[in-house]
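Enquirer: Input sequences plus hints: build the corresponding full structure.
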Amino acid sequence: MNSNRILNIVLAAYVGAIFTFVFAPILFSVIFSFNSQRFPTIPLGSFSTEWYVKILNDPDIWQAALNSLIVSSSTAVIATILGFCTAYSDFRYNFRFKGPYLALILLPPTIPLIIMALAMLAWLSKLGMSGQLWSIVLAHSVLTAPFAMAIIRLRLNQMDPDLESASWNLGGSEWATMRYVIIPFCKPAIISGLCLAAAVSFDEFAVSWFVSGLNKTLPVVILEIVQGNIDPQVNAIGTFVFLISMSLVILAQIFFVYRQMKSTNT
Amino acid sequence: MPTKKSQKIDIYAMTWRLPIIIWQLLFFVGPVIFMIAMSFFLVKNYRMTEAFEFINWSKMFSKNYFWDSYFYTVTIASISTILAMLLAFPASFALAFKASEKIRRWAIFLLIIPFFTSYLVRTFSWFVILSEKGVVNALLGYIGLGPFTMLNTNFGTLVGYMTLTLPLVVILQTITMANIDKTLIEAARNLGCKPLSTIWRVIIPLSKTGLIVAAIFCFILSFGDFVAPFYLGGSQEPTLPILILDTTKSGQQWPRAAVVAIVMMITLFTVAFIGIALAYRKKASK
Amino acid sequence: MTKPLVVLKNVQKLFGDFVAVKALNLEIHEGEFLAIMGPSGCGKTTTLRMLAGLEEPSTGEIYMNDQVMNKVKPHERDTPLVWQSLALFPFLTVIENVEFGLKMRGINKSERKRRALEWLEKLDIIEFADRDISTLSGGQKQRVALARSLVLEPKILLLDEPLSALDAHLVIRMQAVLVQLQRELGITFVYVTHSQSEAFAMADRVVIMGNGEISQVGTPKDIYRSPQNKFVAEFVGRNNILSGTVFDLTNFGAHIKTVSGTFSVSLKTDKLLKGQEASFVISADLVHLSGSNPEAENSVHCKLISEEFVGSMVTLFLEDKSDQEFKVQMQERELSKFDLKPGSDIWLSWSAQSAHLLNVN
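Protein chains in written order, with the numbering used here: chain A, 1 to 266; chain B, 1 to 286; chain C, 1 to 361.
Quick caveat, the hints were computed from the structure, so don't treat them as lab data.
Treat the hints with care, since some could be wrong.
No more than 30 Å apart at the CA atoms, straight line, and that leaves these computed lysine-lysine pairs for DSSO-like [claimed, not checked]:
id: 1; chain 1: C; residue 1: LYS109; chain 2: C; residue 2: LYS73
id: 2; chain 1: C; residue 1: LYS109; chain 2: A; residue 2: LYS187
id: 3; chain 1: B; residue 1: LYS59; chain 2: B; residue 2: LYS208
id: 4; chain 1: B; residue 1: LYS8; chain 2: A; residue 2: LYS98
id: 5; chain 1: B; residue 1: LYS59; chain 2: A; residue 2: LYS126
id: 6; chain 1: C; residue 1: LYS327; chain 2: A; residue 2: LYS187
id: 7; chain 1: C; residue 1: LYS155; chain 2: C; residue 2: LYS109
id: 8; chain 1: C; residue 1: LYS103; chain 2: A; residue 2: LYS187
id: 9; chain 1: B; residue 1: LYS44; chain 2: A; residue 2: LYS126
id: 10; chain 1: C; residue 1: LYS155; chain 2: C; residue 2: LYS3
id: 11; chain 1: C; residue 1: LYS3; chain 2: C; residue 2: LYS22
id: 12; chain 1: C; residue 1: LYS22; chain 2: C; residue 2: LYS103
id: 13; chain 1: A; residue 1: LYS187; chain 2: B; residue 2: LYS208
id: 14; chain 1: C; residue 1: LYS22; chain 2: C; residue 2: LYS327
id: 15; chain 1: B; residue 1: LYS8; chain 2: C; residue 2: LYS71
id: 16; chain 1: C; residue 1: LYS9; chain 2: C; residue 2: LYS73
id: 17; chain 1: A; residue 1: LYS187; chain 2: C; residue 2: LYS113
id: 18; chain 1: C; residue 1: LYS73; chain 2: C; residue 2: LYS221
id: 19; chain 1: C; residue 1: LYS230; chain 2: C; residue 2: LYS274
id: 20; chain 1: C; residue 1: LYS73; chain 2: A; residue 2: LYS98
id: 21; chain 1: C; residue 1: LYS103; chain 2: C; residue 2: LYS113
id: 22; chain 1: A; residue 1: LYS126; chain 2: B; residue 2: LYS249
id: 23; chain 1: B; residue 1: LYS63; chain 2: A; residue 2: LYS126
id: 24; chain 1: B; residue 1: LYS208; chain 2: A; residue 2: LYS98
id: 25; chain 1: C; residue 1: LYS103; chain 2: C; residue 2: LYS122
id: 26; chain 1: A; residue 1: LYS98; chain 2: C; residue 2: LYS71
id: 27; chain 1: B; residue 1: LYS8; chain 2: C; residue 2: LYS122
Expert: Okay, structure coming up:
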C-alpha cells in the first residue's frame with residue numbers, strides 16, 4: 001500500500017515533467033518576448049515591450065501578418081468546403097472505390113511537409129502557378145482538408161439517420177434538405193473545421209516557404225529571422241501567432257463541445 | 001436511403017463526391033506524380049528540361065554523402081522513435097490507469113495544443129534555452145555543473161524531435177491503454193502476475209496495435225522534419241530533409257531533390273507497411 | 001370505408017439477397033385506421049417506407065388514387081410519416097419544426113405561422129411554440145411530431161411505432177389522442193407497431209405480417225377470436241394452441257387427438273379428413289377453471305406454474321402431464337374463489353364452440 005502511494009507520486013511527478021517539457025518552449029517564448037535581454041537567460045532581465053514595439057513598427061511584419069491572414073482564411077474556406085463534401089459523401093453513400101476515395105483526402109498529412117513542399121513547388125511552377133499567395137492556399141487546402149473532414153464526419157455520426165429522410169418526407173428535395181437540415185445540423189462542426197484548418201494553415205512554414213516566392217507569411221518571416229541569429233523579435237511574433245492559433249483552437253473546441261452537449265440532450 | 005437503380009447520373013451525389021477527387025488529383029496526386037517524373041529530368045545550365053534519364057538516380061546513389069545522410073537519418077529517426085516511446089510510456093501509463101476520466105480528457109486536450117502552435121517558435125525557444133548561456137546551463141551553474149554544449153549536437157536534434165513527437169505519442173499511447181479492458185489486468189494481478197510483468201505480458205500485448213501506430217507516426221515525423229536537425233542539431237550531419245532543402249534552395253537541383261524525396265517516401269511506406277503488418281499479425285504461438 | 005385510397009399489388013422488396021417483403025397485396029381505404037403489426041424484421045416498416053417513397057418496390061406496383069407511385073420521389077408525395085425516433089430537427093424550435101413542411105412547399109411566412117399555431121393549439125402544445133426541442137418531454141415531442149405531419153393536411157398519415165419510446169401511462173393517453181384525431185379528421189392512418197394492445201385498441205383493421213408476408217387481415221375481433229393460422233395465433237399470444245390428428249368427424253365438428261387428450265372442435269366451413277394433422281386454438285379468456293373434474297367434453301388436469309397480474313386481470317400459466325402449456329385469463333376477483341398457489345392442481349375446460357380450428361399451412 002505504502003509503496004503503491006510512492007509509485008503514484010513518482011508517476012504524477014513524471015507526468016508533470018513531461019508536460020513541463022512540452023510546454024516549456026511555449027512558456028519561455030512568451031516570457032522572453034517581454035524580456036529586455038537580447039540573449040535571454042536566468043536571471044531574467046527587466047520587463048520590456050521593446051520587441052513588440054519593434055515588430056509593430058516593421059511594415060514587413062505587417063505585410064506578412066496580412067498575408068498569413070489572407071492565406072489561412074482562404075485555406076480554411078476551401079478546406080472546409082472540401083471536407084464537408086467528402087464527409088457527407090462518406091456519410092450518405094456507399095460506392096465502389098470508397099477506400100481509395102477516402103485515402104485520397106486523408107493521406108496528405110502523413111507525408112512529410114518537406115516532400116509536399118518540393119512536390120508542390122515543382123508542380124505549381126510547371127503550371128505557372130507558383131510564387132503567389134494563392135499558390136500557398138492551394139497547397140494548404142490539400143493539407144488541412146482532412147482536419148475539417150474528420151470533425152464534420154464526427155458531427156454527422158451524431159445525426160439521427162432519419163433526420164434527412166424526415167425532411168424529404170415533409171416535402172424537402174435533396175437540395176433543400178441539404179440547405180435546411182444537413183448544413184444547419186453540421187454548423188458547429190463547420191465552424192470548428194474552419195478554425196482548425198485556419199490554425200494549421202496559419203502555422204505552416206515548409207510548404208509556404210517553398211511555394212510563396214516573395215509573398216512571405218508570418219512563419220516564413222520567422223524562419224528567415226531565425227536563420228540569421230538570435231533575435232527576440234521571434235518571441236514576440238511567436239506569442240502573437242500563438243495567441244491567434246490558440247483562440248482559433250479554443251473557438252473550435254467551444255463550438256464542437258458545446259453543440260455536442262446540446263445534441264446529446266435531445 | 002432510397003436505392004437508385006437508374007443508370008442516370010445522380011447530379012446531387014456527384015456534387016458532393018467529385019470536388020475532392022478533382023481537387024486532390026490536381027493538387028495532391030498531380031504534384032506527387034510530377035515529382036516522380038521530375039526525378040528523371042535533366043538540368044542543364046540551371047534549367048530543367050523534361051527527359052527520361054536515370055542520371056539523377058545514379059548520381060545520387062554514387063555519392064557517399066547521400067548514403068551517409070540516409071543512414072544517419074534512419075538511425076536518428078529510429079533513436080527518436082524509441083526514445084519517445086520510452087519517455088512517453090510511464091506518463092501514458094499513469095494517465096491511462098491512475099488518472100480519472102476527467103483528468104485524462106484534460107491532459108489530452110492540453111497535449112493537442114502544441115499541434116496548433118508554431119513548431120518553429122518552439123524550436124527557437126529551445127535554441128535560446130539550451131544555448132551556452134541559456135536557462136538550462138544557468139540553472140545547472142547554480143549547482144556547480146556545466147556549462148554543457150547542447151546545441152549543434154545530436155542531443156539538440158533529439159530535443160527538437162521530442163518537442164514534435166512527444167505530445168502525439170503520449171496521446172496515442174494513453175488512448176490505446178485506456179481502452180484496455182481493466183478486468184483483464186486485474187485477472188492477471190489476481191493470478192499472481194507482478195506489476196512489471198503485468199505491463200510486459202498483459203498491457204503491452206493488448207495495446208500492441210496502438211503502440212505500433214504511435215511509433216509509426218513518431219518515425220514519420222522525425223524522419224521528415226528539417227527544423228530540429230537544422231537549428232538545434234546544427235546540420236553537422238545533414239539529414240535527408242536538409243539535403244532536399246539544400247538541393248532545392250541553393251543548388252537549383254530539383255530532380256536530385258526529387259530523388260531524395262522519393263527515397264524518403266519509399267522508406268516511410270516500407271516502415272509503415274512493416275509496422276502495420278506487425279500490428280495485425282496473428283499472435284505467434286508462445 | 002369506401003374506395004381504396006392505396007393499393008399494393010404484388011409488391012416485393014429485396015435488399016440484396018434478403019427478401020424483406022414478398023408479394024404483398026393490400027388495399028388501404030379512405031378514412032380507415034389500419035394497423036400493420038408483426039414481430040421485428042417482418043417487413044412492416046419496409047412496407048411503410050415504400051408507402052412514403054423512401055424505398056422503391058423491387059417488383060409490383062403501389063397505387064395511390066389510381067396512380068402508380070413507384071418512381072415518385074419522397075418529397076413529391078403527400079405521405080407524412082411520424083417516425084419511431086421522432087426525427088425532430090434539433091436545431092429548430094417547436095414552431096419551426098411544425099412549419100418545416102409548409103416552408104418546403106413554398107408557403108409564405110405568415111400563412112405558415114398561422115397554420116402551425118392552429119395545430120399547436122389543437123395538440124395542446126401552443127405554450128411551447130418557441131421552445132427548443134431538447135427542452136420538451138417525451139409526450140410533448142410526440143405531439144410536435146404529430147403536428148409537424150398533420151399541418152400538411154394529408155389524406156394519409158403514416159406512423160412508425162410512434163409510441164414505443166413513451167412511458168406506459170403516456171401510451172394510453174396518446175392512443176386516445178390519436179384515435180380522436182383520426183375520427184375528427186377522417187383521414188387514413190397507417191400505423192406500424194409490434195404492440196398488440198396498441199393495434200387492437202386503435203385500429204379498424206389489423207394486418208398481421210410475418211416473414212415479409214401478410215398472415216391475416218381483419219378487424220381486431222376477427223384476429224383475436226379467429227386467428228387463421230398458427231403464426232397469428234402465436235403472435236396474438238393470448239391463445240392456447242393444441243396440435244394433433246383428426247380422430248373422428250361428426251355433423252357438428254371433429255374430434256382431434258392430441259398429447260393432452262382428445263378434444264372436440266365445432267367446425268364451420270372448414271373441411272377436414274380423418275387422420276389429417278390439425279391445430280386449434282382456445283382463447284385464454286374462454287377457458288374455465290374448476291377445482292374438481294368438471295366431467296365436461298373438453299377438460300384437462302393441470303398444475304399451476306405461475307401467475308401474472310396486469311391491473312385487475314390475471315393470467316395463469318399452467319402445464320398438464322404431457323408438458324403442454326396452457327394459459328387462462330380472468331378477472332382477479334374471480335380467481336379469488338380458488339385458493340391457488342404455484343404447484344396447485346386445477347381442472348381446465350372449454351366449450352367446443354370456443355375452440356377455433358387453424359388453417360393448415
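Enquirer: Indicate, hint by hint, whether the structure satisfies it.
Expert: Now for the hints, and whether the structure bears them out:
1. As the CA atoms of LYS109 (chain C) and LYS73 (chain C) are separated by approximately 25 Å, the hinted pair is consistent with the 30 Å bound.
2. Between LYS109 (chain C) and LYS187 (chain A), the direct Cα distance comes to roughly 24 Å. Compliance with the 30 Å bound is thereby established for this hinted pair.
3. With a CA separation close to 41 Å, the supplied pair LYS59 (chain B) and LYS208 (chain B) exceeds the 30 Å bound.
4. At roughly 20 Å between alpha-carbon atoms, LYS8 (chain B) and LYS98 (chain A) fall within 30 Å of each other, so this suggested pair holds.
5. Distance check on the hinted pair: LYS59 (chain B) and LYS126 (chain A) sit about 24 Å apart at the alpha-carbon level, within 30 Å; holds.
6. Proposed proximity of LYS327 (chain C) and LYS187 (chain A) is contradicted: the alpha carbons are some 56 Å apart, above 30 Å.
7. At roughly 24 Å between alpha-carbon atoms, LYS155 (chain C) and LYS109 (chain C) fall within 30 Å of each other, so this suggested pair holds.
8. Only pairs whose Cα atoms come within 30 Å are accepted, and LYS103 (chain C) paired with LYS187 (chain A) is accepted, the gap being roughly 20 Å.
9. Taken as a hint, the LYS44 (chain B) and LYS126 (chain A) pair is honoured in the structure, with Cα atoms around 17 Å apart against an allowance of 30 Å.
10. The suggested pairing of LYS155 (chain C) with LYS3 (chain C) holds, with an alpha-carbon distance near 13 Å, which does not exceed 30 Å.
11. The suggested pairing of LYS3 (chain C) with LYS22 (chain C) holds, with an alpha-carbon distance near 25 Å, which does not exceed 30 Å.
12. The suggested pairing of LYS22 (chain C) with LYS103 (chain C) is violated, with an alpha-carbon distance near 37 Å, which exceeds 30 Å.
13. Pair hint LYS187 (chain A) plus LYS208 (chain B) does not hold up; C-alpha atoms about 37 Å apart against a cutoff of 30 Å.
14. The hinted pair formed by LYS22 (chain C) and LYS327 (chain C) fails the criterion: a straight-line CA distance of about 33 Å is larger than 30 Å.
15. Pair hint LYS8 (chain B) plus LYS71 (chain C) holds up; C-alpha atoms about 14 Å apart against a cutoff of 30 Å.
16. Restraint check: the Cα-Cα separation between LYS9 (chain C) and LYS73 (chain C) comes to about 19 Å, which is no more than 30 Å; the hinted pair holds.
17. Simply put, LYS187 (chain A) and LYS113 (chain C) have alpha-carbon atoms about 25 Å apart, close enough for the 30 Å limit, and the pair holds.
18. The suggested pairing of LYS73 (chain C) with LYS221 (chain C) is violated, with an alpha-carbon distance near 37 Å, which exceeds 30 Å.
19. For the suggested pair LYS230 (chain C) and LYS274 (chain C), the alpha carbons sit about 20 Å apart, so the restraint of at most 30 Å is met.
20. At roughly 26 Å between alpha-carbon atoms, LYS73 (chain C) and LYS98 (chain A) fall within 30 Å of each other, so this suggested pair holds.
21. At most 30 Å may separate the alpha-carbon atoms for a hinted pair to count; LYS103 (chain C) and LYS113 (chain C) meet this at roughly 10 Å.
22. For the given pair, LYS126 (chain A) sits about 17 Å from LYS249 (chain B) by alpha-carbon distance, which is consistent with the 30 Å threshold.
23. A C-alpha spacing of about 28 Å is found between LYS63 (chain B) and LYS126 (chain A), which places the hinted pair at or below 30 Å, so the restraint holds.
24. Simply put, LYS208 (chain B) and LYS98 (chain A) have alpha-carbon atoms about 28 Å apart, close enough for the 30 Å limit, and the pair holds.
25. Distance restraint check for LYS103 (chain C) and LYS122 (chain C): the Cα-Cα separation of roughly 20 Å lies within the 30 Å cut-off, and the hinted pair is therefore satisfied.
26. For the suggested pair LYS98 (chain A) and LYS71 (chain C), the alpha carbons sit about 27 Å apart, so the restraint of at most 30 Å is met.
27. Restraint check: the Cα-Cα separation between LYS8 (chain B) and LYS122 (chain C) comes to about 45 Å, which exceeds 30 Å; the hinted pair is violated.
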